Structures are given as structure tokens and as C-alpha cells.
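Okay, here's what each chain looks like letter by letter:
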Amino acid sequence: MQPTDISDPEYFHKVVDCQWACPAHTPVPEYIRLIAQRRYADAFMINWESNVFPGILGRTCDRPCEPACRRTRIEEKPVAICRLKRVAADYKGDIDDRLPSVPSLKNGKRIALIGAGPASLTVARDLLPLGYSCVLFEKDPQGGGLMRTNIPTFRLPTDVLDEEVDRILEMGVEPRFGEEITSLTAVLDEGYDAVFIGTGAPRGKDMKVPGRAEASANIHIGTDFLKSVAFKHIDSIGKRVVVIGGGNTAMDCCRTALRLGAEQVTVTVRSPRGDMKASDWEIEDAEREGIPILDNHAPKEFVVEDGRLTAVIFEKMRAEYDQNGKRTLLPTGEPPVVLPCDDVLMAIGQDNAFPWIERDLGLTFDDWDMPVVDRKTFQSTLPTVFFGGDAAWGPENIIWAVAHGHQAAISIDLHCRGESLADRPPPTTNLVSQKMGIHEWSYDNAISHDRRVPMPHADLKLALKELTVEAELGYDERLAFDEAMRCLNCDIQTVFAEPLCIECDACVDICPVDCINFTQNGDEADLRERLRVPAQNLDQDLYVSDVLKTGRVMVKDEDMCLHCGLCAERCPTSAWDMQKFTYWDNQAQPGPVHANAA
Amino acid sequence: MTHLAKPRFHHPNLPVNGVGLTRRDYEGVVSTLCAGCGHDSVTAAIIEACFELDIEAHKVAKVSGIGCSSKTTNYFLSRSHGFNSVHGRMPSVATGANLANGDLVYIGVSGDGDTASIGLGQFCHAIRRGLNMVYIVENNGTYGLTKGQFSATNDKHSKGRKGADNLFHPIDLCSLAIELGAGFVARGFSGDKDQLVPLIKAAIHYRGFAVIDVISPCVTFNNHAASTKSYDYVRDHNAAMGQLDLVAEADEIRAEYAAGSSIDVALHDGSSLKLHKLPASYDPTDHGVVLHELARIKDAGGVATGLLSIDPNEADLHDLIGTTSTSLNAIDEADLCPGADALDAINASHR
Ligand SMILES: Cc1cc2nc3c(=O)[nH]c(=O)nc-3n(C[C@H](O)[C@H](O)[C@H](O)COP(=O)(O)OP(=O)(O)OC[C@H]3O[C@@H](n4cnc5c(N)ncnc54)[C@H](O)[C@@H]3O)c2cc1C
Ligand SMILES: Cc1ncc(C[n+]2csc(CCOP(=O)(O)OP(=O)(O)O)c2C)c(N)n1
Ligand code: SF4
Ligand code: SF4
Ligand code: SF4
Ligand SMILES: [Mg+2]
Numbered sequence: 001m002q003p004t005d006i007s008d009p010e011y012f013h014k015v016v017d018c019q020w021a022c023p024a025h026t027p028v029p030e031y032i033r034l035i036a037q038r039r040y041a042d043a044f045m046i047n048w049e050s051n052v053f054p055g056i057l058g059r060t061c062d063r064p065c066e067p068a069c070r071r072t073r074i075e076e077k078p079v080a081i082c083r084l085k086r087v088a089a090d091y092k093g094d095i096d097d098r099l100p101s102v103p104s105l106k107n108g109k110r111i112a113l114i115g116a117g118p119a120s121l122t123v124a125r126d127l128l129p130l131g132y133s134c135v136l137f138e139k140d141p142q143g144g145g146l147m148r149t150n151i152p153t154f155r156l157p158t159d160v161l162d163e164e165v166d167r168i169l170e171m172g173v174e175p176r177f178g179e180e181i182t183s184l185t186a187v188l189d190e191g192y193d194a195v196f197i198g199t200g201a202p203r204g205k206d207m208k209v210p211g212r213a214e215a216s217a218n219i220h221i222g223t224d225f226l227k228s229v230a231f232k233h234i235d236s237i238g239k240r241v242v243v244i245g246g247g248n249t250a251m252d253c254c255r256t257a258l259r260l261g262a263e264q265v266t267v268t269v270r271s272p273r274g275d276m277k278a279s280d281w282e283i284e285d286a287e288r289e290g291i292p293i294l295d296n297h298a299p300k301e302f303v304v305e306d307g308r309l310t311a312v313i314f315e316k317m318r319a320e321y322d323q324n325g326k327r328t329l330l331p332t333g334e335p336p337v338v339l340p341c342d343d344v345l346m347a348i349g350q351d352n353a354f355p356w357i358e359r360d361l362g363l364t365f366d367d368w369d370m371p372v373v374d375r376k377t378f379q380s381t382l383p384t385v386f387f388g389g390d391a392a393w394g395p396e397n398i399i400w401a402v403a404h405g406h407q408a409a410i411s412i413d414l415h416c417r418g419e420s421l422a423d424r425p426p427p428t429t430n431l432v433s434q435k436m437g438i439h440e441w442s443y444d445n446a447i448s449h450d451r452r453v454p455m456p457h458a459d460l461k462l463a464l465k466e467l468t469v470e471a472e473l474g475y476d477e478r479l480a481f482d483e484a485m486r487c488l489n490c491d492i493q494t495v496f497a498e499p500l501c502i503e504c505d506a507c508v509d510i511c512p513v514d515c516i517n518f519t520q521n522g523d524e525a526d527l528r529e530r531l532r533v534p535a536q537n538l539d540q541d542l543y544v545s546d547v548l549k550t551g552r553v554m555v556k557d558e559d560m561c562l563h564c565g566l567c568a569e570r571c572p573t574s575a576w577d578m579q580k581f582t583y584w585d586n587q588a589q590p591g592p593v594h595a596n597a598a
Numbered sequence: 001m002t003h004l005a006k007p008r009f010h011h012p013n014l015p016v017n018g019v020g021l022t023r024r025d026y027e028g029v030v031s032t033l034c035a036g037c038g039h040d041s042v043t044a045a046i047i048e049a050c051f052e053l054d055i056e057a058h059k060v061a062k063v064s065g066i067g068c069s070s071k072t073t074n075y076f077l078s079r080s081h082g083f084n085s086v087h088g089r090m091p092s093v094a095t096g097a098n099l100a101n102g103d104l105v106y107i108g109v110s111g112d113g114d115t116a117s118i119g120l121g122q123f124c125h126a127i128r129r130g131l132n133m134v135y136i137v138e139n140n141g142t143y144g145l146t147k148g149q150f151s152a153t154n155d156k157h158s159k160g161r162k163g164a165d166n167l168f169h170p171i172d173l174c175s176l177a178i179e180l181g182a183g184f185v186a187r188g189f190s191g192d193k194d195q196l197v198p199l200i201k202a203a204i205h206y207r208g209f210a211v212i213d214v215i216s217p218c219v220t221f222n223n224h225a226a227s228t229k230s231y232d233y234v235r236d237h238n239a240a241m242g243q244l245d246l247v248a249e250a251d252e253i254r255a256e257y258a259a260g261s262s263i264d265v266a267l268h269d270g271s272s273l274k275l276h277k278l279p280a281s282y283d284p285t286d287h288g289v290v291l292h293e294l295a296r297i298k299d300a301g302g303v304a305t306g307l308l309s310i311d312p313n314e315a316d317l318h319d320l321i322g323t324t325s326t327s328l329n330a331i332d333e334a335d336l337c338p339g340a341d342a343l344d345a346i347n348a349s350h351r
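Quick note, the sequences are listed as chains A and B, same order. Okay, so the first sequence: first residue is 1 according to the working numbering, each after it adds one. Okay, so the second sequence: first residue is 1 according to the working numbering, each after it adds one.
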């Protein structure tokens, strides 16, 4: 193999598994170290700069970083990256003086943002400090999008939501709340320099099953139901509730129903449990509250007696998978299951809908009636119109909406400056030795063997009484420290300097996870086979040196490295050094505002 | 030295040997030697050899004297028996232990100071006795632990770190051991585990006295340009005497060897040693040839490594003095201590 080019910003970025997996590329290990040092405000700012909503995301993020966490490759559970983010938000104190200043002299460009969800709010946050004027349209009376209308308060307290939404609004957004956009032409006619559409995927799916129409008084679309609860239009529900659907919306629906006074709540899913869309932790939370989940139950009929819904009849299913893993659900032929109930909550997904976008504007829609949007620039076929969040390609989650918002802001900025959208600003990176003394590093390189710290929960009886009692209590400082110590500091890179190596093998012998090899070079497949422990995880790169004195090369499998620095401690010539790799994803910002904790 | 304990986490795909252990299970505490010390590589080679041989740690006794090298018994097989003795006195302790319990694998680790200076007499007599043990000398040409004095194995006129000249003739431990009749004599280099691990494995299988003189650079006091025990010097002057494979009893021989350049040696336990890529006319079972060849290589400035000499028929101490092959802890009290009458009978037989 050719020697690895470690000056490629993506090489070491990929080693930081969590940051690589985070759609907004949050510098995770950096904020976790700051938490361990009780520097919560600094930890918060790193998050705020990257992901905009640390307090919200620290409670609700879909956390793609956690399954990617290196820790899962050496033990059972990832670092509680998400809940540590909450710690930063909970203990940060006052950070107002750290926020970027917004120029009072505007740059003369006016941007319309439609829909006040996380996508639009991110665009506003990124563009306001650059001098843009941002007009935010929202049909609801308050901003926040689904974070306010659908995520229940027992998962996301209103004050946390308000704080983080208001922080952006107070940067100088011109809110036009309570105003539903019914025509894009009308917006364009107001003469904006760019329009960002962040209207989400607002339409909850329905299902055509016998009895649906007759029972409609007691069948509620999950997202509409949650919104009505959020706006206090609904404050009670029948005693027996059946929830149909296996996603996160279903989990929120069933737990909300319990808190509204339902005595018997049952979740039903068509597919096998393993195929459920809901996150494991959301399923866990529902089950902790005593809600049974019946899988392989497909609704067949709503039973209506005397004009009222009395039960749902289910057909039992089983899944069959073909060679390509494609699933078909087939009835088992068992007798149908009858679940008596008073109300049904239907949570089977959401659709996008753009009835308000005229189809003769030059904005192309595809065969599925979705706008054609560029995956990189978020620009539609109408150059002044951009999309992001759930509106772009269907329902995702908050962190993706944020990531879209950052990229759309870059595009809008370039567009307004008349520059090519393809010339995007590169990420900001840095690589600095952490050596402080012979065996001293500026990071704590001892490896914690502790298991993941469980999240403390509110007393169940109390929690189920009130919609507003937060189910999770969050880590206290002690627990947060223990959990923070589990992080392996994957951003502290092992950097190899060929000319210094005397091939003494000390690093090979000390490495606890057998990453390091000195061997004859070969092609990648061959090298992967020949390592001390064959490198089978193809997602992880090999770090290959130039040719050494004996004619061999150093090959390090990045897969299992604990970043413990023992190789660098054992190396007599400092051919290994531990260097902190900093990676800030590109943003439409004149300069970084983060706390630099180098 | 490193202040951290090595993390317990290991690679999930680490191979497991015949007794269900990984290489990591054969480790000891983290070394306190200088970073890059050759001795640590020898430790790693011992670990690898024991792992590959499916040895159970409680069937091993580690013995050593004094020196950086002698400290290293603490860095491998932490679940084994061990005795860190006085300077140069490891062979006596090993002899006593072996007489009491011949069932253990005895791994002695010593240094060039511990063996060639203060312990030279003990070393010679252990060889004469044919003690069944592996005796590893971690040879760095210096007294590492006492900060870098010349040792007795250091070559004449090689220089100290600050330029001092070594005035005295070296002791070549391998030639000496062959001279004294050691059954298994090898030389290795800490920087070449591919060669060293098979040597250690073969030495463990060998019944009798097996000495391995391992050139093991001292990075702090004897790894400079004018040293003949440095990584660079040994790499540049290494003359390997063939390649060694240990063939366990059950294994069939798969590799093909060029005719005329390979030798098979059957061991007591049914396994055999396969030596190949031997220089033409080299015969490790013929002392005359071996000593002559070693002298020739040395005069040419080379460092002969590999399995230098082997006597497949050496008798070990127990054979020689007719002591019981059962370890004393396995003999019941009545037999072990037959009482006053038995003693009287013995005494009477001498009157
Ligand atoms: C029940 C439920 C629970 C969820 N839980 C989580 C979670 O725990 N974690 C997570 O990461 N994600 C979760 N999500 C998904 C997440 O909320 C969304 O992916 C995210 O909010 C999308 O952000 P957005 O900015 O694209 O749009 P949205 O948040 O959907 O905001 C769009 C806004 O646009 C407004 N709007 C729409 N049309 C118009 C119009 N014509 N004129 C004016 N305003 C308009 C809407 O009123 C809305 O306020 C959940 C979703 C649901 C349904
Ligand atoms: C009886 C006695 N004499 C002298 C010493 C001092 N001493 C300690 S280690 C050592 C030399 C060790 O040299 P070597 O065996 O080559 O070990 P190295 O440290 O080089 O590995 C000496 C002379 C001692 N500990 N005990
Ligand atoms: S161990 Fe820490 S740095 Fe590494 S992936 Fe997990 S959270 Fe990220
Ligand atoms: S930092 Fe070095 S010693 Fe530690 S796991 Fe990584 S490669 Fe191995
Ligand atoms: S410890 Fe240092 S000098 Fe020795 S082999 Fe490793 S990188 Fe090379
Ligand atoms: Mg020495």
C-alpha cells in the first residue's frame, strides 16, 4: 500500500468515530474532556457551535454517534455521548457573553425562512452573525417545529426548548408567527434574496381499514394527537388505548396516553420486534412504564358498535426474507386477535406535502411529488429556493435538520455573494502534540474499565401523573465524571514518524489491542490478512508508513486503538506521538466562536 | 517506564490457544524498564512461545538473579511460580527447585553481568549438571541496572556511551556453553522475534540444559554508533545459522525443504526440530564443526545466531543421579518421610 496521507483532513476525522458519524460533526471527545474538567460552559459552546441545540439534543437526539462509538468494539455499550451533552447544557451557567455578536449594520440581503423548526432556526443562527436579515414564517404561534408540537414535555421540558429557540430568535430574527404560507409565489413576490423551506413532513399517514370512517371520532393520527396535547387542546383519553405503529412516534403516543389517564395502553406493530423503527432506548422507556408491545399484529378491522369504536381486530403475521434480505409479511393463519379499546392512536409515519408550492415556478418535483433538491447544496431547481430538514427528503430527525441547515446556510451565503455553490469552505483542522513530559500528556490517557453509567429516572408513579415531569433526571456531576472517563479520546491520534523508528518492537509489545505491526508491505487485502490480528473491519482504515530501515513498513489497524498512548510512552525515540486532531466542519461563519481548549 | 497499567481490554478477535487462553493471559505487570529496551522484546517472545505451546502458567517456574534482565520475570506469566534470587545465584535456586519438582517448566532469565561476571561459576556448574531448564541470557554488553559499566561479554575495544575503551577480551557465552557440554545452545536477537520465538519453544521442549544468548540492546547505555550490541550493529552483522521449526508430535511436516541443507532432530517428548536453510557443511550436532564455524564468523565480525549446537541425547540431572521423577509434592508422607527405622537402615548400610 502507499503510505497513508495523514494530511488529508478526512483521514483522522474518520478515526474519531463519533464525530464522523454525527451529521453535524460535533467534536465529541473534546466536549467530553471538558465535562470531566467541569468546564461545562466550554463544553456547551462546542456543542452549540456544531449542533445548535445542546439542551434539546442532549435529551432527544437520535444519536447516530453512539452505535458508532469505538467503545462498542471493545465492550458492550457506547459512551453516553448524548446524555453527556445534556450535562453540559444543565450545568453551563450563563453563556450569553460567549454568543457571536450580530452586526447592527445589515448586509442588505433578506432571507425568508418558512417553518420554524430546527432546520430554519439553524440557517438563521448561521446567517444572522454575517449580517443577513432573516424573516421566519411559522403557522403556529411559537417556534420550534415538531420539537414543540410533537416531542412530549416529559422528554423535552418546555423551558429547555424555549431557552434554545429564544437564543436564536433573540439574535434578531424577524418572526412572522401565526402566518401560514399558502403560496410560494407570494413569498417570492416579497423580493427575498433567498428562500429556505423548512416546513418539515407535516402530514401523518392514515390507513384504509374497514371501520376506519365509522370509528373516526376515536381514531387519532399520532402526530396530530401529540400536537393537540402540546397545545392543550386534548387533556384526556379513553381508559383503553391501542397504539398502531412501531416507530418513535408510537412510543411518544403510548407514553403520552398513560399520562393522560389511560389505564391500559397497548402498542401493536405489524412487523417482528427486531424490525421496529423505534430506537432501542425509546422502546426500553415505554416498557419501563409497563406498556406491552405486541409485534406481528396487523390491523384488520375497527369494530364499531352503536356508533362507537369498541375494539380493533388484528391478523397475526410472520416475516419472510428473501436472499436479498427483502421482507414480506405474511398472515400466519392463526385466529384473529381482538383488542377491546376506547381510543386508537395511529402512528404509522409521516409524509411531505407541498400544496402551497405552485408547480409552474420552475421548481421541479420528481415522480413521487417531492421537490428535486441537490444533496450537497440543498438548492432546488429554482436557484433562490433552498430546502432542508424533513422537507428535503422526508422525515429524519433534529440533528439531520441541523446539519442540513448549516449546509443550506453556506449555500445561501455563497448564492447571495454571487459565488459558486460548489466552492464550499473546507473544514478547519489542526494536529498538535499533546506531550507534556516523558510520560505525561495533556489528556488523561488511563483507560477506564467502567461500564456505562445508567441514567437515573424519576419515580415512575410521579412521572406518570404529569405530562411535564421529565422522565429522565440526567447525570449529576459525579456520574457525569465517571461516564466522561469512559471516552477513549479518539481525537488524540497516534502519529508515526518513520525516520525516528529503530524497529525495537516496544510499541508492538505494549499495545493492549494489538494494533501495531511491522511487516512486509503488500496490497490492502493481503496486509489486512497478515496482521497480528487480521483487520476484518473494512470500515476502519490501515495506517501504513513509508519503508523502514529493515525494508518493512509499519501498519496500524485503526479499528481497535484505545488511544491510550502506551505506544508513544514505550517508544524510545518518540517515533510515536499522541497528537490532538481538531476538526471543525465548515459553516457559514466568518470565524470560529468556540472556546478553544487546545 | 510507563506509569499506567496496561488496559485489560484486548482485541475481541485475539486468537485463543489450546487451553482457551489468549496471548494477553500470559502477560505480567507492565515493564518498568527503559522504553525500547530489548529485554521487553524478549519478554514478549517468551509470552508468545508459552502461548503457542498451550502452556499452563501454574506449570511454569520463573527464576532469575539481579539486573534489568532479571527483573523481567515479573513481566510475563504472572500466574506462574517464581523466585528472584541473589545476583548470579539463580542456577542454585533453579537446581534446588528442579530436584524437588521436575514437572515444572523452568525458565531462567539472567543478564550478561548476572551470568558472565558474578554468576559465571554457577552458570558453568548448572551446565555440567545438565539441569533441565531454559536459561535465557539477555545480553546487552553492559550492567544496565547499575548504569552502564562494561560487562564481560562486551567486545574488546568496543566503546562505552561516552567513548571509553573496553580493554578486555569478551566471554562468548555460547562457545563456553558448548565447551562445557550444554545440550542446547542458541543465540537470538531481541529485534527478531520470528527467529527468537521458535528458539524459545524448542528450548522449552528440550530436556536438558538449554541456553539462549539473546543479544538485547540497552537503549540507554549501549545502543550508540560505536557499540557492537546495538540494534543497528546486530542487524548489519547478523549471520543466521539456518531457520528453526518445532514440529509437535502430532503435526505432519508440510513445508518443503531444499535437500542437503536441512537437519531433523528428534526430541525426548516425541516432537522434533527441523533446521533448514543451514549453511553448507554446518552440522549443529557436531561440536567440532560448530566451534570452528563460530570462531570463523566471530573473526569476520559477524554475529552468529540461530540454533548453534544441539545434543539430542543429553541426559538431565535426574537421569544422572537417579533421583525420582515424581515431584516431591506428589509423594505421600509415608514414602517421603519413611521414619527413623528407614534412616537407621540407611546409616547401617554405610557402617
Ligand atoms: C412524535 C415525534 C417525535 C420525534 N422525536 C424526535 C426525537 O426524539 N429526536 C429527534 O431528533 N427527532 C425527533 N422527531 C423528528 C424531528 O422532530 C424532526 O425530524 C425535526 O423536527 C425536523 O425539523 P424541521 O426543521 O425539518 O421541521 P419541523 O420540526 O417539522 O418544523 C417545520 C415547521 O414548519 C411549519 N410549517 C409547515 N408548513 C408551513 C407553512 N405552509 N407555513 C408556515 N409554517 C409551516 C410547521 O408548523 C413546523 O413548525 C420526532 C418526530 C415526531 C413526529
Ligand atoms: C552481590 C551483588 N553484587 C553487585 C550488585 C550490583 N549489581 C546489580 S545489577 C548488576 C549488573 C547487572 O548486569 P546484567 O546482569 O548484565 O543485567 P542488565 O541490567 O544489564 O540487564 C550489578 C553489578 C548486586 N546487586 N549484588
Ligand atoms: S470513545 Fe469517545 S471519542 Fe471514541 S467514539 Fe466513543 S465517544 Fe467518541
Ligand atoms: S494508543 Fe498505541 S498502544 Fe494504545 S491502543 Fe492505540 S496503538 Fe495501541
Ligand atoms: S517503539 Fe518506537 S522505535 Fe520502537 S518500533 Fe515502535 S515506533 Fe519504532
Ligand atoms: Mg547486561
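Just so you know, the hints here were simulated from the structure itself, not pulled from any lab data. Computed from a predicted structure; not experimentally measured. Do not rely on the hints blindly, as some may be mistaken.
Unchecked claim - In silico SDA-like pairs for lysine to any residue, Cα to Cα no more than 20 angstroms straight-line:
#, chain 1, residue 1, chain 2, residue 2
1, A, K549, B, I297
2, B, K6, A, V533
3, B, K6, A, D577
4, B, K6, A, E440
Hints not upheld, ascending by number: 1
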